[in-house]
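*Asks:* I would like the entire structure built from these sequences, with the hints used as guidance.
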Amino acid sequence: MEDLYQEIILDHYRNPQGRGLREPFEAEVHHVNPTCGDEIDLRLHLESVAGVPTVADVSYEGQGCSISQASASVMYDSLVGLSVDDALESLGRFQHMLQSRGQESGDEETMGDAVAFAGVAKYPARVKCALLPWMAWKDALSRATEGESHD
Amino acid sequence: MTTVHGGTVATATPPLDVPAIRAQFPILERTVRGEQRLIYLDSGATSQKPLAVLDAERHFYLTSNAAVHRGAHQLAEEATEAYEGGRAVMAAFVGAQPDEVVFTRNATESLNLVAYSFVNATDKARWGSPLPEGAERFILSPGDEILITEMEHHANLVPWQEVCAKTGAVLRWIGLTADGRLDLDRLDDLVGPRTRVVSFVHQSNLLGTINPIQPLVSAARSVGALVVLDACQSVPHMPVDVAGLGVDAMAWSGHKMLGPTGIGCLWARPEVLASMPPFISGGSMIELVTMERTTFADPPKRFEAGVPMVAQAVGLAAACEFLNDLGMPAVAAHEHDITGYALGRLQEVPGLRIVGPLDNDMRGSAISFVMDGVHPHDVGQVLDSRGIAVRVGHHCAWPACRSMGVPATTRISPYIYNDRADIDALVEALDGVGSLFGVG
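Protein sequences, first through last, are from chains A and B. Heads up, the first sequence is in my numbering, so the first residue is 1 and it goes up one at a time. Heads up, the second sequence is in my numbering, so the first residue is 1 and it goes up one at a time.
Simulated from the structure, these hints should not be mistaken for lab results. Check before you lean on any hint, since a few could be wrong.
What the hints assert, rightly or not - Derived coverage of chain A by chain B (criterion: at least 3 residues anywhere in the stretch with Cβ under 8 Å from a Cβ of chain B; other residues may be distant):
1. 43-55
2. 62-68
As the list claims (entries may be wrong) - Facing chain B, according to a computed beta carbon distance under 7 Å, are these residues of chain A, among others:
3. 1
4. 36
5. 37
Nothing here was measured: the structure is a model prediction, and the numbers come from that model. Backbone N, C-alpha and C fix where the C-beta goes; we use that ideal spot for every residue, glycine too.
*Replies:* This is how it looks when you write it as structure tokens:
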């Protein structure tokens, strides 16, 4: 169980980063995990920095287990300040690690605190908890940038 | 005498021999999460299966497997006898006649079968299509009302929402009191001349509340509404006799009462079943078929299209016999004892709040709780790491959770193979939860 409840995860759960809904934002989404009832409201604010679309803020409110709440906090720390393209890459790495059934431990260099969720991948029922905020962010991005392309 | 379920159970009932019962459930011997002994407290979700049930299914497949109600050979004959014999045992278990019990896939399908009787009768009436005699009671008009309660499992909520969406009927519900009982003070306002259905849960899967049947039945009777009972959490746990209940239809599942998955039941009064139009249609449920039209078999076959679940019916009958051997009054008394013990012990855990009735009167063994500062999912995970299997989440009763002011709960649901020592292990494991998450 120590695999699952890494100290980093518990720290983020007790002291969530970036929590609260803020202005301005271009997209707001509400995602739920219908099997357990976890919910998140998430707002995304993008800015152009030197012509590069950048994640200026991710603000959120939610209720749920330590895994989903800590994941939102880690996501905030991981994504804010990144270019949209880099943020999408971070999402890809996180998702890949979580869906590896514990085979991928993640690269701390590129992923930071998010590697603490590697243990979650060994508990299939909890993977969706960890992914909930990230999937909400991805949805918010696609809404905020409807009609644009990111490749 | 101890009041358990509106009737009485003699306290003189000999106690269950839990170690002997456990020996009939090999799965309870296994270890989980390393070398932890499995403590299974999730029987409200699904019960474990005794050897007698597994053996009955295996024996059927080994000796008599064939499709029922067809085939000119001996195996088909034996399979038909096994299937219909299973129905007779199940029916007797709830005090019903065999032809009054329809086998379905699960209790959700049983409730849908009733709900769709309204949709289908209303649709067919609109087109002037033939309907069984007495089907008028299933024809809805816009503004007709369906009354349920706020503690329903989604299986007794969503199908009625669907009926409303398709017919213009209006869904109303009985709210809950702070301690998780039905707020019957407004019952007279909620039941009126437009009320066509009163459908409610016997024992709440979330709160453990056992609902009083009589006031709801008499309110429904006074306006001629059909009374439907969701008995998923009562048939496995207490003596249930349809004749004494006064309801018109009752749904329950096999897998929560030691039986196999894949089989559920609907009981209804014979005149009610006879007036219901078919639900799933196709083979086996017909009387005469031409290219133009079909007439339908009498119940229960009218509602059992396709090749039915014969082995499951055999297994379910074995489950009934297993419970009969224990005696349902003894089962209820055992659960009453363990529930009272658990209610007391759980309230000793710092920061723990029980969601549902605290008193052990008209209460079943499902006990939901929340812990300050720790999400139910995390509580469940810590318990799992100690080998204790519980359920977490909204328990398919999301509106009931909202009504009780919690997003989710952790739930234990002990059964015949659990004892006080299991509750002690639970409480010991819970004592460490708060400190792990830095809130204890």
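*Asks:* With reference to the structure, classify each hint as holding or not holding.
*Replies:* Cross-check of the supplied hints:
1. Restraint check on the segment 43-55 of chain A versus chain B: 0 residues with Cβ-Cβ distances below 8 Å, three needed, restraint violated.
2. Coverage of the segment 62-68 of chain A by chain B holds in this model, with 5 residues showing a Cβ closer than 8 Å to a Cβ of that chain against a need of three.
3. With 7 Å as the threshold, the beta carbon of residue 1 of chain A comes within range of chain B, its nearest partner Cβ sitting at about 4 Å, so the hint holds.
4. Given hint, residue 36 of chain A at the interface with chain B, holds; its Cβ is 4 Å from that chain's nearest Cβ, closer than 7 Å.
5. The beta carbon of residue 37 of chain A is positioned within 7 Å of a beta carbon in chain B (closest approach about 4 Å), and the interface hint is therefore held.
The structure fails hint 1 only (numbered hints given earlier).
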